[in-house]
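Q: Sequence:
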Amino acid sequence: MATEPEVRQYLRRLRFKRRLEGPRLDLRPRVQAPTALQKIFKQRNQKRSTYYVTAAEPKAGPQDERPFWVPPAEHFAAFVAFQREKVKKDRQKELALPVHIKPNARSRLSTDLLRRLHVPEDPPPPEKTMVDMDPEFYSIVEGRPNRDRISVREYVDSIRDLVRVRLKIGYNEDECLLVDEQFRMERQRLDQILAQQKQYVDLFDQFLAEDHAASMELLKKADQAARLSAEKDAEIKVWIRTLGLLRTQVRVRGTGRTGSAARGATENDCT
Numbered sequence: 001m002a003t004e005p006e007v008r009q010y011l012r013r014l015r016f017k018r019r020l021e022g023p024r025l026d027l028r029p030r031v032q033a034p035t036a037l038q039k040i041f042k043q044r045n046q047k048r049s050t051y052y053v054t055a056a057e058p059k060a061g062p063q064d065e066r067p068f069w070v071p072p073a074e075h076f077a078a079f080v081a082f083q084r085e086k087v088k089k090d091r092q093k094e095l096a097l098p099v100h101i102k103p104n105a106r107s108r109l110s111t112d113l114l115r116r117l118h119v120p121e122d123p124p125p126p127e128k129t130m131v132d133m134d135p136e137f138y139s140i141v142e143g144r145p146n147r148d149r150i151s152v153r154e155y156v157d158s159i160r161d162l163v164r165v166r167l168k169i170g171y172n173e174d175e176c177l178l179v180d181e182q183f184r185m186e187r188q189r190l191d192q193i194l195a196q197q198k199q200y201v202d203l204f205d206q207f208l209a210e211d212h213a214a215s216m217e218l219l220k221k222a223d224q225a226a227r228l229s230a231e232k233d234a235e236i237k238v239w240i241r242t243l244g245l246l247r248t249q250v251r252v253r254g255t256g257r258t259g260s261a262a263r264g265a266t267e268n269d270c271t
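Numbering-wise (UniProt numbering), the sequence shown opens with residue 1 and increments by one.
Keep in mind that a hint or two might mislead.
Stated by the list, open to error - Okay, derived cross-link-like pairs now, DMTMM-like style, lysine to aspartate or glutamate, Cα gap no bigger than 20 Å in a straight line:
id, residue 1, residue 2
1, K221, E210
2, K220, E210
3, K198, E186
Unchecked claim - With beta-carbon atoms standing in for the labels, derived distance ranges:
id, residue 1, residue 2, range
4, D174, Y138, 52 to 58 Å
5, P123, L11, 41 to 47 Å
6, P145, D122, 57 to 63 Å
7, R153, D174, 29 to 35 Å
8, R153, D122, 41 to 47 Å
9, L190, S158, 42 to 48 Å
10, Y138, D112, 45 to 51 Å
11, D122, L11, 52 to 58 Å
Honestly, the hints are just simulated from the structure, not real lab data. In this text, all values refer to a predicted model and were calculated from it rather than measured experimentally. Where is the CB? At the ideal position from N, CA and C, for every residue including glycine.
Sequences are here, hints too, so could you generate the full structure?
A: Structural data, given as structure tokens:
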């Protein structure tokens, strides 16, 4: 059992949903009422905007079971149970539909009017043909040649149609020639673009070749400079080593002389 707050919340959601959906549109056909001028000039019985056709072929609707059919006694209980379940399922389907499309008494009255209001027509009476009155009516003239009847109006119309067709053919041929000329010009322009592209590619390849040659020359010069630099570094290292040896020898000699002078002074003091 739903409480009062739940019911209020449901109604609030329903009103919000209807506000989002907007006004409902009735798409059923309407019969237009006669205007004031039609009433004044007695023109009410004019062509209607809507007709309810009941003399056409019956509409092929769903083939439901006849409501007054009674099953045999041995299947009556099962039929009652099946009917009860069917009614229950139909009711559940109707309850699951949205509120604005749920069926009601008015909608049930207006559904499938063509099938329910259909009145079958009587078959047309048999018509008598010429063969029924005279069986030899067509056999008498059989084999006779038909006279050719040429109408001047038909001849003029055919000539006009022929001229019109020829004009259309000429116009289409002109259009084809124009398209061919445009295609030829576009092809010529494309060939020029391809030639320029080939020239640019050749120039770029030449530039790459010259740049590669210059780069290789620079690499050779760089290798020579590196080799000369390595030789100079080796020579400088040799001279530095020689200079170090000479300095060491000079320092050793100076140290020896200073030591002998010091020993002589010490001996003099002792004496």
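Q: Now tell me if each hint is right for this structure.
A: Each hint, compared with the structure:
Taking the CA atoms of K221 and E210, the gap is near 17 Å; set against the 20 Å cutoff, the hint holds. This hinted pair checks out: K220 and E210 have alpha carbons roughly 15 Å apart, not beyond 20 Å. Restraint check for K198 and E186: the C-alpha separation of about 18 Å stays at or below 20 Å, so the hint holds. The supplied range of 52 to 58 Å is met by D174 and Y138, whose beta-carbon atoms lie about 53 Å from each other.
Checked against the hint of 41 to 47 Å, the pair P123 and L11 fails, with Cβ atoms roughly 58 Å apart. The hint said 57 to 63 Å for the Cβ distance between P145 and D122, and at roughly 45 Å that hint is violated. Between R153 and D174 the C-beta distance comes to about 32 Å, which sits within the given range of 29 to 35 Å. In this structure, R153 and D122 meet the distance hint of 41 to 47 Å, their C-beta atoms being roughly 44 Å apart.
The beta-carbon spacing between L190 and S158, approximately 47 Å, falls within the hinted interval of 42 to 48 Å. Judged by the Cβ atoms, the range 45 to 51 Å given for Y138 and D112 holds: they are separated by roughly 49 Å. Between D122 and L11 the beta carbon distance is about 56 Å. The supplied range of 52 to 58 Å therefore holds.
The structure fails hints 5, 6 (numbered hints given earlier, in ascending order).
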